[in-house]
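Protein chains in written order, with numbering that gives the first Met the number 0: chain D, 0 to 321; chain R, 0 to 321; chain E, 0 to 321.
Rather than coming from a laboratory, the hints here were simulated on the basis of the structure. Source: prediction; values computed, not measured. A hint or two may mislead.
[Claimed, not checked] Quick partial rundown of chain E residues pointing at chain D, CB under 8 Å, derived from the structure: (1) Y51; (2) S71; (3) I102; (4) D103; (5) S104; (6) N125; (7) N143; (8) V163; (9) L183; (10) F186; (11) P190; (12) H239; (13) A241; (14) S269; (15) P308.
[What the hints assert, rightly or not] Short, incomplete list of chain R residues facing chain D, as computed with Cβ under 8 Å: (16) P79; (17) V82; (18) N125; (19) S142; (20) Q161; (21) Q273.
[Said to hold, decoys possible] Here are the computed lysine-lysine pairs in the BS3-like style, where the Cα-Cα straight-line distance is at most 30 Å: (22) D:K287 - E:K296; (23) E:K313 - R:K313; (24) D:K133 - E:K192; (25) R:K130 - E:K121; (26) D:K91 - R:K287; (27) D:K130 - R:K110; (28) D:K313 - E:K287; (29) D:K121 - E:K110; (30) D:K130 - R:K113; (31) R:K113 - E:K296; (32) D:K28 - D:K68; (33) R:K320 - D:K287; (34) D:K91 - D:K24; (35) E:K91 - E:K70; (36) R:K75 - R:K24; (37) E:K39 - R:K194.
Cβ coordinates follow ideal geometry from the N, Cα and C atoms, glycine included.
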Amino acid sequence: MSANIFFERKGPFLLNEIFNNIQFKKKIKIFDIKPLEDAKNIDLTFLESVDYIDFAKSTKAFYCITTNKLKSYLQKNCEPIIVENVLFELCKVTKKFYPSADIDSPDSSLKSPKKSSYSKVKFGNNVLVGKNCKIGNSTSIGSNSIIEHDVLIGDNCVIGSQAVIRNSLIGNNVVIQDGCKIGLKGFGFIPLKGKNLRFPHIGKVILKDNVEIGANCTIDRGSINDTVIGENTFLDNQVHIAHNVKIGSNCMIAGQVGFAGSSIIGDSVSIGGQAGVSGHLKIGSNVKIGGGSGVVKDIKDGTVVMGYPAVPLKDFIRNSKK
Amino acid sequence: MSANIFFERKGPFLLNEIFNNIQFKKKIKIFDIKPLEDAKNIDLTFLESVDYIDFAKSTKAFYCITTNKLKSYLQKNCEPIIVENVLFELCKVTKKFYPSADIDSPDSSLKSPKKSSYSKVKFGNNVLVGKNCKIGNSTSIGSNSIIEHDVLIGDNCVIGSQAVIRNSLIGNNVVIQDGCKIGLKGFGFIPLKGKNLRFPHIGKVILKDNVEIGANCTIDRGSINDTVIGENTFLDNQVHIAHNVKIGSNCMIAGQVGFAGSSIIGDSVSIGGQAGVSGHLKIGSNVKIGGGSGVVKDIKDGTVVMGYPAVPLKDFIRNSKK
Amino acid sequence: MSANIFFERKGPFLLNEIFNNIQFKKKIKIFDIKPLEDAKNIDLTFLESVDYIDFAKSTKAFYCITTNKLKSYLQKNCEPIIVENVLFELCKVTKKFYPSADIDSPDSSLKSPKKSSYSKVKFGNNVLVGKNCKIGNSTSIGSNSIIEHDVLIGDNCVIGSQAVIRNSLIGNNVVIQDGCKIGLKGFGFIPLKGKNLRFPHIGKVILKDNVEIGANCTIDRGSINDTVIGENTFLDNQVHIAHNVKIGSNCMIAGQVGFAGSSIIGDSVSIGGQAGVSGHLKIGSNVKIGGGSGVVKDIKDGTVVMGYPAVPLKDFIRNSKK
Numbered sequence: 000m001s002a003n004i005f006f007e008r009k010g011p012f013l014l015n016e017i018f019n020n021i022q023f024k025k026k027i028k029i030f031d032i033k034p035l036e037d038a039k040n041i042d043l044t045f046l047e048s049v050d051y052i053d054f055a056k057s058t059k060a061f062y063c064i065t066t067n068k069l070k071s072y073l074q075k076n077c078e079p080i081i082v083e084n085v086l087f088e089l090c091k092v093t094k095k096f097y098p099s100a101d102i103d104s105p106d107s108s109l110k111s112p113k114k115s116s117y118s119k120v121k122f123g124n125n126v127l128v129g130k131n132c133k134i135g136n137s138t139s140i141g142s143n144s145i146i147e148h149d150v151l152i153g154d155n156c157v158i159g160s161q162a163v164i165r166n167s168l169i170g171n172n173v174v175i176q177d178g179c180k181i182g183l184k185g186f187g188f189i190p191l192k193g194k195n196l197r198f199p200h201i202g203k204v205i206l207k208d209n210v211e212i213g214a215n216c217t218i219d220r221g222s223i224n225d226t227v228i229g230e231n232t233f234l235d236n237q238v239h240i241a242h243n244v245k246i247g248s249n250c251m252i253a254g255q256v257g258f259a260g261s262s263i264i265g266d267s268v269s270i271g272g273q274a275g276v277s278g279h280l281k282i283g284s285n286v287k288i289g290g291g292s293g294v295v296k297d298i299k300d301g302t303v304v305m306g307y308p309a310v311p312l313k314d315f316i317r318n319s320k321k
Numbered sequence: 000m001s002a003n004i005f006f007e008r009k010g011p012f013l014l015n016e017i018f019n020n021i022q023f024k025k026k027i028k029i030f031d032i033k034p035l036e037d038a039k040n041i042d043l044t045f046l047e048s049v050d051y052i053d054f055a056k057s058t059k060a061f062y063c064i065t066t067n068k069l070k071s072y073l074q075k076n077c078e079p080i081i082v083e084n085v086l087f088e089l090c091k092v093t094k095k096f097y098p099s100a101d102i103d104s105p106d107s108s109l110k111s112p113k114k115s116s117y118s119k120v121k122f123g124n125n126v127l128v129g130k131n132c133k134i135g136n137s138t139s140i141g142s143n144s145i146i147e148h149d150v151l152i153g154d155n156c157v158i159g160s161q162a163v164i165r166n167s168l169i170g171n172n173v174v175i176q177d178g179c180k181i182g183l184k185g186f187g188f189i190p191l192k193g194k195n196l197r198f199p200h201i202g203k204v205i206l207k208d209n210v211e212i213g214a215n216c217t218i219d220r221g222s223i224n225d226t227v228i229g230e231n232t233f234l235d236n237q238v239h240i241a242h243n244v245k246i247g248s249n250c251m252i253a254g255q256v257g258f259a260g261s262s263i264i265g266d267s268v269s270i271g272g273q274a275g276v277s278g279h280l281k282i283g284s285n286v287k288i289g290g291g292s293g294v295v296k297d298i299k300d301g302t303v304v305m306g307y308p309a310v311p312l313k314d315f316i317r318n319s320k321k
Numbered sequence: 000m001s002a003n004i005f006f007e008r009k010g011p012f013l014l015n016e017i018f019n020n021i022q023f024k025k026k027i028k029i030f031d032i033k034p035l036e037d038a039k040n041i042d043l044t045f046l047e048s049v050d051y052i053d054f055a056k057s058t059k060a061f062y063c064i065t066t067n068k069l070k071s072y073l074q075k076n077c078e079p080i081i082v083e084n085v086l087f088e089l090c091k092v093t094k095k096f097y098p099s100a101d102i103d104s105p106d107s108s109l110k111s112p113k114k115s116s117y118s119k120v121k122f123g124n125n126v127l128v129g130k131n132c133k134i135g136n137s138t139s140i141g142s143n144s145i146i147e148h149d150v151l152i153g154d155n156c157v158i159g160s161q162a163v164i165r166n167s168l169i170g171n172n173v174v175i176q177d178g179c180k181i182g183l184k185g186f187g188f189i190p191l192k193g194k195n196l197r198f199p200h201i202g203k204v205i206l207k208d209n210v211e212i213g214a215n216c217t218i219d220r221g222s223i224n225d226t227v228i229g230e231n232t233f234l235d236n237q238v239h240i241a242h243n244v245k246i247g248s249n250c251m252i253a254g255q256v257g258f259a260g261s262s263i264i265g266d267s268v269s270i271g272g273q274a275g276v277s278g279h280l281k282i283g284s285n286v287k288i289g290g291g292s293g294v295v296k297d298i299k300d301g302t303v304v305m306g307y308p309a310v311p312l313k314d315f316i317r318n319s320k321k
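Here chain D stands alone, though its shape is the one from the complex:
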């Protein structure tokens, strides 16, 4: 992950500017907050679950927010910063580095695009484009659509009308139909009575080449990681993709399917209409998920599942006949 082009980063901060109540041996400057696998030695990282202990063993970070229980999984050069609630602390630290990523304020740099800046782009009426956007040749953008600052769109894309695209990198030959809202902040917060603490979303949405997104879909950007849709994956209308979801290539996702946060979907997966995939799951490649199914467990490569909760097809048929 290179520099964050969408959100202004504050800092660097000294470790004891970040954690006032903790004593640190050295005067360490921290430049950014990153996941275990992306962090360098100048970054702070975090370990909140045993799901990530493989990354913990090889992280390059020198400091990691974690719990007393999880600290032993960290590689020996990485010093644990022990807290009670990793996500709560992570939320506060991320907000210190990225103070404007927790609420999607409207982009004040939006303007009618200048013909001279986008000579090979075909714009509909009333299109608004933010500063520093790059839009490829032969791409068209439908009327009333909004492309916020720093978004990159490749060549030969067709973006429909009434769309909003923020914090996104979009490949070539991508089709996005009318009314999509892509790159918004996800549904991540620490519940607190009276006033929840919103998790800053500093990730982005990446749509690879040849992706198609149906009408009125919503694709949230990642919180710390990115939300990614692989090459030649097609989504039907009204699909909802939460933050940090990663979908492989050549998938078919039918109408009104929903993905909760952070699930990882393999390649050549087909998902029937209105199915739902819970958060933090791993769905293998060549999986088929029947329409209306509710997936609550990991699924291995090549499995066909159906039902709520989703089970292998032969079990579903047997149960239905009982």
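Put chains R and E on the given structure of chain D with help from the hints.
Just chains R and E, lined up with the frame of chain D:
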């Protein structure tokens, strides 16, 4: 419920102008049509179900549309007006008082907001605002959004782009993401072959302080009552809330959840993605509803439910293992 | 089906311009590609499933794309053109006749409507209308809505704000609420690794008189046939209707219901919220489908069904009690 600021009310009407076929002893003027609990002695009210007999016993109204079967529940000073189909008559009476509330015609008062009227509001491009709107300090409204006449929005709110807000009262620190449609007429009508009779929707949407609404949500206004979302309740993307639903404070409603009309949800309720709540239910406080569940019965405080139909979690797990 | 007013048709083509590898006895000119029941002798047709053998026996077409297995169902004057994958060949042929129907490029003819051309229509602000549209008397179109070229809208309709309507014929007294996307290309393609082959959608959407469509609905146009919603059928918010679906008159479709492609729904059908109907089904008239149900089989007239998969109500209740 004070005067209706969103819909022009006709009348007052004499009772026999409203019910031509019924003889009334006195020449009574009726000023409005209101639910049992809100009606004063100058208003007409209605009782269509035993669910509301507690209100029937204490209503201040002198006249109530009801059936022969239900009339005995009314307090003795309230005279029943006996009909076959209460909702059909209520629909016709409401339309007499509020002739323009059954179809959402576009607001002809929409204009680009004048800087002088909204000096402390930050508007994106092409925002349209109707007459008599009040928008608080430090609130921002995204590009292409539409705020129709008489809508009130508090301080420090962030309204996204491509949103439409009608007939709504919005508190402070409220976040509404891109593409939401709030305050529209609900899905209420008397089915009639060839041409349904639409129920006028004279209620509004109330979003209390610190509410967050995800992208592309739809929240219909109330028919006779209001649709209310309590303080610090957060909704994810593509949630649908039908007319008259009341949701308490500190709730978490995940993506693509749907509520049918008139259900009442307590405080601190969490609902997983794609769950559905049927109409006219009472869901207690501190309830957890699993993703994809279909709730068809009332749920008591503190219960965890899952499944379709939703049952207590331990029953769901037992059934799934069978 | 008369001439296609929405898509430019190329041709006519000689049969061996269409199928280079096949030898034809005569030099036949083909003018269009049409379903069995609509094709005339100058058109090419196709038979891909035994579901359509009744039409195969009476088609007027002289040439039909089909398989070796299905060819015997064709009436004797109709010569089979044998292929391995009918839909793949159909896709290629349709794209030859209609090269621009597989991706919804923005309509470059959109403009602010001239008062003189639409003197009896009430437009909100920033409405865009394409060339050759006809909009009836006393119809109103909300702000920021887009009506693309050649769309016909009847009298006395109310179209909300932020809507997009393409490739559609809309009757009288139709209500379309805010944010609907109607007439877009459906989710039809031949999956090919790396770059799917999109099926051209040359059909349209037909909304008959007195239809109502709730907010943020999506209704895709037909691929070869049309998508049709019958008289006085009402849809609630966030309903998704896929290509080629045909819904009868006087139906009630609650919020977030989804229909997969090509299903046919009778008259006076009521469908509860979040229910899903699979593709290519026949649902009779006077059917009631419970909220959240998943319909995967044909349903006979007058049946009440519920569950996933949906079964007759008494079976659902019995199963739930087990």
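Consistency of the hints with the structure:
Using the Cβ-Cβ criterion of 8 Å, the hint placing Y51 (chain E) at the interface with chain D is not satisfied: the shortest such distance is roughly 23 Å. Hint on S71 (chain E) is violated. Least Cβ distance to chain D is approximately 32 Å, over the 8 Å limit. Hint on I102 (chain E) holds. Least Cβ distance to chain D is approximately 5 Å, under the 8 Å limit. Checking D103 (chain E) against chain D by beta carbon gives a least distance of about 6 Å; that is within 8 Å, so the hint holds.
Hint status for S104 (chain E) relative to chain D: holds, with the closest Cβ pair at about 6 Å, below 8 Å. Because the beta carbon of N125 (chain E) sits about 6 Å from the nearest beta carbon in chain D, less than 8 Å, this interface hint is met. Among the interface hints, the one on N143 (chain E) holds; its C-beta lies about 6 Å from the nearest C-beta in chain D, closer than the 8 Å criterion. Interface restraint check: V163 (chain E) against chain D, minimum CB-CB distance 5 Å, threshold 8 Å, status holds.
The interface hint given for L183 (chain E) is met, as the beta carbon of that residue sits about 5 Å from the closest beta carbon of chain D, less than 8 Å. A distance limit of 8 Å between C-beta atoms decides the matter here; for F186 (chain E) the minimum to chain D is near 4 Å, and the interface restraint holds. Hint on P190 (chain E) holds. Least Cβ distance to chain D is approximately 6 Å, under the 8 Å limit. Because the beta carbon of H239 (chain E) sits about 5 Å from the nearest beta carbon in chain D, less than 8 Å, this interface hint is met.
Using the Cβ-Cβ criterion of 8 Å, the hint placing A241 (chain E) at the interface with chain D is satisfied: the shortest such distance is roughly 6 Å. With a cut of 8 Å, the hint placing S269 (chain E) at the interface with chain D is violated, because the nearest CB-to-CB distance is about 18 Å. Interface restraint check for P308 (chain E): the shortest CB-CB distance to chain D comes to about 6 Å, inside 8 Å, so the restraint holds. With a least beta-carbon distance of about 45 Å to chain D, the hint placing P79 (chain R) at the interface is violated under the 8 Å criterion.
Here the hint on V82 (chain R) is broken, as its CB sits about 40 Å from the closest CB of chain D, past 8 Å. At about 6 Å, the closest approach between the beta carbon of N125 (chain R) and any beta carbon in chain D falls short of 8 Å, and the interface hint on this residue holds. A hinted interface residue such as S142 (chain R) counts as satisfied when its beta carbon comes closer than 8 Å to some beta carbon of chain D; here the least separation is about 6 Å, so the hint holds. Against a cut-off of 8 Å between C-beta atoms, the interface hint on Q161 (chain R) holds, since the closest Cβ of chain D lies about 6 Å away.
Contact between Q273 (chain R) and chain D, as hinted, is supported at the beta carbon level, the nearest pair being about 4 Å apart and thus within 8 Å. Distance hint between K287 (chain D) and K296 (chain E) is fulfilled; the C-alpha atoms sit about 19 Å from each other, no more than 30 Å. Of the pairs offered as hints, the one joining K313 (chain E) and K313 (chain R) holds, with about 25 Å between alpha carbons and a cut-off of 30 Å not exceeded. The straight-line distance between the Cα atoms of K133 (chain D) and K192 (chain E) is roughly 28 Å, inside the 30 Å bound, and the hint therefore holds.
Our distance criterion of 30 Å between C-alpha atoms is met by K130 (chain R) and K121 (chain E), whose separation comes to about 18 Å. For the proposed pair K91 (chain D) and K287 (chain R), the alpha carbon gap of about 27 Å is at most 30 Å, so the pair holds. Between K130 (chain D) and K110 (chain R) the alpha-carbon distance is near 27 Å, which keeps this suggested pair within the 30 Å criterion. Among the hinted pairs, K313 (chain D) with K287 (chain E) is consistent with the structure: their alpha-carbon atoms are about 29 Å apart, no more than 30 Å.
Simply put, K121 (chain D) and K110 (chain E) have alpha-carbon atoms about 15 Å apart, close enough for the 30 Å limit, and the pair holds. Between the alpha carbons of K130 (chain D) and K113 (chain R) the distance comes to roughly 25 Å, so the proposed pair stays at or under 30 Å and holds. As the CA atoms of K113 (chain R) and K296 (chain E) are separated by approximately 57 Å, the hinted pair breaks the 30 Å bound. A distance of roughly 26 Å separates the Cα atoms of K28 (chain D) and K68 (chain D); the hinted pair therefore holds under the 30 Å criterion.
Between K320 (chain R) and K287 (chain D) the alpha-carbon distance is near 22 Å, which keeps this suggested pair within the 30 Å criterion. Under the criterion of a C-alpha separation no larger than 30 Å, the hint pairing K91 (chain D) with K24 (chain D) is consistent with the structure, at around 22 Å. Distance check on the hinted pair: K91 (chain E) and K70 (chain E) sit about 20 Å apart at the alpha-carbon level, within 30 Å; holds. Proximity of K75 (chain R) to K24 (chain R) is assessed by CA-CA distance (about 16 Å); at most 30 Å being required, the pair is judged to hold.
Between the alpha carbons of K39 (chain E) and K194 (chain R) the distance comes to roughly 37 Å, so the proposed pair goes past 30 Å and is violated.
When the structure is compared with the earlier hints, violations turn up for hints 1, 2, 14, 16, 17, 31, 37 and for no others.
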